[in-house]
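S.K.: So you can see what is in the structure, the chains are spelled out below.
There are 4 protein chains.
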Amino acid sequence: MAVRATHRARGICIVTPTQRQEDDAPEILSGVFSGQTTGTSIAILIRNQDQRSRDYSDIQDKYRPGHADYTFDARYGLRDYRGGGRSSARETTARVAAGAIARKLIASEFGGRVLSWVSQIGSIRATIEQPELVTLQQVEQLPDGSPNFVRCPDYDAAAKMVELIDEVRRDTDSIGGVAEIVASGIPAGLGDPVFDKLKADLAKALFSLPAVMGVEYGNGFACAELRGSQNNDIFTSEPSADGPPIIRTASNRHGGMLGGISSGMPIMLRAAVKPTSSLARPQPTVTRDGTETSISTKGRHDPCLLPRFIPMAEAMTAIVIADHWLRWKAIRTH
Amino acid sequence: MAVRATHRARGICIVTPTQRQEDDAPEILSGVFSGQTTGTSIAILIRNQDQRSRDYSDIQDKYRPGHADYTFDARYGLRDYRGGGRSSARETTARVAAGAIARKLIASEFGGRVLSWVSQIGSIRATIEQPELVTLQQVEQLPDGSPNFVRCPDYDAAAKMVELIDEVRRDTDSIGGVAEIVASGIPAGLGDPVFDKLKADLAKALFSLPAVMGVEYGNGFACAELRGSQNNDIFTSEPSADGPPIIRTASNRHGGMLGGISSGMPIMLRAAVKPTSSLARPQPTVTRDGTETSISTKGRHDPCLLPRFIPMAEAMTAIVIADHWLRWKAIRTH
Amino acid sequence: MAVRATHRARGICIVTPTQRQEDDAPEILSGVFSGQTTGTSIAILIRNQDQRSRDYSDIQDKYRPGHADYTFDARYGLRDYRGGGRSSARETTARVAAGAIARKLIASEFGGRVLSWVSQIGSIRATIEQPELVTLQQVEQLPDGSPNFVRCPDYDAAAKMVELIDEVRRDTDSIGGVAEIVASGIPAGLGDPVFDKLKADLAKALFSLPAVMGVEYGNGFACAELRGSQNNDIFTSEPSADGPPIIRTASNRHGGMLGGISSGMPIMLRAAVKPTSSLARPQPTVTRDGTETSISTKGRHDPCLLPRFIPMAEAMTAIVIADHWLRWKAIRTH
Amino acid sequence: MAVRATHRARGICIVTPTQRQEDDAPEILSGVFSGQTTGTSIAILIRNQDQRSRDYSDIQDKYRPGHADYTFDARYGLRDYRGGGRSSARETTARVAAGAIARKLIASEFGGRVLSWVSQIGSIRATIEQPELVTLQQVEQLPDGSPNFVRCPDYDAAAKMVELIDEVRRDTDSIGGVAEIVASGIPAGLGDPVFDKLKADLAKALFSLPAVMGVEYGNGFACAELRGSQNNDIFTSEPSADGPPIIRTASNRHGGMLGGISSGMPIMLRAAVKPTSSLARPQPTVTRDGTETSISTKGRHDPCLLPRFIPMAEAMTAIVIADHWLRWKAIRTH
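Chains as they are written, first to last, in my numbering: chain A, -3 to 330; chain B, -3 to 330; chain C, -3 to 330; chain D, -3 to 330.
Incorrect hints may have been included.
Claimed, not checked - Derived CB-CB ranges, DEER-like:
# : chain 1 : residue 1 : chain 2 : residue 2 : range
1 : A       : Lys325    : C       : Gly141    : 38 to 48 Å
2 : A       : Gln32     : D       : Lys294    : 48 to 58 Å
3 : B       : Ala276    : C       : Ser30     : 26 to 36 Å
Rather than coming from a laboratory, the hints here were simulated on the basis of the structure.
All residues carry an ideal CB built from backbone N, CA and C; glycine is no exception.
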């Protein structure tokens, strides 16, 4: 999967509904020799070719609404106004690179797979009958082979999403959405039972991404309205050729984790992503010294973060699963 | 929950809608001397007085639907069937004890406060106009001084919730819900900017609690349908007696965190809690060797976890904030 | 030391040259069920039965020379004068308990063994030709079956050490020494190559014990005077029944670790332990407010820490090796 | 101190008794903006300009005596024979760069200083009356201003050390030694009282460096032969202009740490460094498949590692102290 993740990370070959072109060629500094990992930490350097101070010079004293300008200032006592610094989504490029390695490990060690797509933008919701059967091609391509700009595998919804994004862009506005992430082929038994529950580490990983306002798995917030008899999944078993029977659940409302430990069923997550904070229209704000002013962001900002969020979500999910796989290898005795 | 009881007991009688009576007297083993912390780790021992093997003996080979029986087995290759072991909510008693200390630190160091309540059970939703003004007394007591069983400060909603819980209990069923957590008086600047974002650590902490299926903050999942112009909070300033102006936001859709760092506005979280998995009615399942069987849980299980979830949510939120406060103390230079 | 006593007690009576009698019965609070570990953390509670405030009341404002009284005060702004708190060697009892579990793991997983003994007290040095062949019985028993008070397997040296300890006790003085630790049967490959080198983690573990002033392995400080041609160990190989040849070294000046990674040869460590700081004779010192005074320690303090240091050293060594074994299990692919 | 540490790290301006010339220009990738740290992690890239595969091609199947070739192979199942990989001392260049930042922090926050020098090579020992008064200039320069090749501030000893190194080089051999490290101006109170004792973290840091076979502080191994009355340091006090009296010790046999916590007295450490393992003379060894062979290292290896060890030792000491300073800032209340 390295190629794909790299591909997505590069941004050049990825046709996303963005007006930016980034040329971030990754350089592997260590850890790989003759096409094989050596055990040394794999360091990958991706230089930010796109950073130009002049783009940001007029905002250096203003706090952009919805951005981390003020909170960084409160934390560090200074502002590094160049592109948002570590609160820029460009920071996540490195995570996608790391995720590519985690995905290779997941695939080669136990045949697992992590895939994400856009399931909602504004009020347009995708209808996906069998999430565990969605393919990478469906996420990336339309039936005619052209790029699936919004990375939504429900093509009707995808078309409406593209329209909606165009509309909010013309409106100098932006729009939020929801991403779905499915990890399938993950063995039962991953996750620590108390603080480092698999669901807890996955949630932390997704919340560590910019703009994420909510995370749920399985039935998620919908379970608030359900009764136990509606929400529980019934255990079933099927014989295996060799060894004990395979335990499964008849449904997957639990989203692949029980007690914070993977159950062997597909892990189903959703993340809510807020609308882009940078707007081309003027927004009122204040400067560092409290003076009222207004700001309108120049430069090239996507009016919807979701399509570019997909590789990040996949990467963070893969990294957590790979990590818990290693932890499980250390302790398991059976 | 003994420590919370102690903590809240000053003038308030806590009676939760449970049929269990637990006598968990905490014993402080270390770290406190002459009423003062000594710097030594504070160890608090709370023995589980309630554990009786006979209550669980008939389930020792059956996987209870919605429980962690199977996943623990998959992880460790054995079942410790006594009360769910570490997947039992009783494990969280120790967290509440630790949280009591974190809350003291938050209160004494910067006058902060963490408060949680039930905002939804089934389809009954509380209406709270100003969440940051809710008081502990409102959560714990009804206007006539009697206990607020469901810990919902909207008393009309609370009455309906009590009815609903009674109904599902009679039905040998259970019901889910949502808890709201507000941390106010938290200084701006807490949270690491990349992986240990404050939102990420809070989400991990809440997801580390049993039965949590979703976490959101600020506008949460609702932001998927919003435009940036609707979701952004405008910065404002007000003069301070001494020193630089105070920066605030006119609204708090961002839930008190921007870029994963606290903004000084109240931190607003919500957690979705699934309906109790243990049901008094028979549910189909399988045994360890795959044989089909059915199970109905005897013993005393609350049909709704929410009221007892509140102290856990407060504790985990307080622990994370206290921890990030200490981390901030280490690095701040201003 | 109760657990070690239990551990070693199979046929061996442990009597250490101490005048204290401690009744520290360990209670296993969690993690063991039906004689098996469950995967839950194993919590062992050992209450300090011996603590009596009155023993320490006259020292509560004085800084004992060589003790941590002043540094704890500098760190925490207070003194918990009861028995030295966490700087008391009694704190290590819990480590010995944890070490007993690590030793079981080492023995059952790969047949490894950790053994320590006293190799020097004052200027009396033991002569041990083949350290990897020393047995637990030699450390604990004299040839006539009576207890080997000083835990030195060179019986001539042991007798002189006992005499020396008696002499310094009569003198109201104390004496230092050196412990030797040998871990044999440890597989090659344990240890991280940079910061968490096995030698680094072992050194940290030993230095985390009270009174340790120095740690060395293999040739240790003696290598300062050696040439490379004298210090290098030559690699050799011997055929194995199945699989690749076994690589060994002809000598073991490298103490079982190269590049911080175990080589498969016995791991040989030495730790220098300072003379007991508490003396029955008066020593000049100052009080918290700087007033000059003198102090003579009442109560029962061993004039030589070495014999009781042995179980601690074994425990910490075993814990580090068990930990690195688990880490290796996680990453190894061959 | 950045200049000096960088200076030493670069190797070009550092005239050490080496025949290698390394041109490793550090590039600061992040964390510094307008001459100020931003709170972002400071990433410094130093490319290894010197690596040439052909230098190592003839050793790719042979295990070099004293090197980590075999143990890396045992750990990872492969050999990255290019220059020893992470077991090469060149890895420590990055540590020296990080140490330069830690030293700046130590100097600016509390006026502390870390200095190291060579105190022994072979059987030649330096005599330094007052270690806490040694200056950087004495370490780096001879009285006539020429470079002090061996970094020993006892110039008579230094001259003999240079001769000895020349002698062993002519002999195609190598020689070990001891470095002394003094950290002065360090406040009392640094260090955790149990596992993360300051002495434990310093020992781990020094043992994480290549070729270190032993670490001691204060009286070190010499205390084995001492009585408590000889080893204890007496507390004294002196008035301070404002506030409580200053507590000191009359001597510093404890090496600046008691109970693992800094006492305010200079921290005195010594590290034993083994003779260079690579020798130009042939040494017998085996190949990966167990065949007997011999190896003589071509290329440019210092016959004594000590002079180049000094910046590493300073860096690791400074990093640990800076880290414990930050930890102390987080918890201290007085």
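S.K.: Hints first: check each against the structure and report whether it holds.
M.R.: Structure-based check of all given hints:
no.: 1; hint: A:Lys325 <-> C:Gly141: 38 to 48 Å; result: holds (46 Å)
no.: 2; hint: A:Gln32 <-> D:Lys294: 48 to 58 Å; result: violated (26 Å)
no.: 3; hint: B:Ala276 <-> C:Ser30: 26 to 36 Å; result: holds (29 Å)
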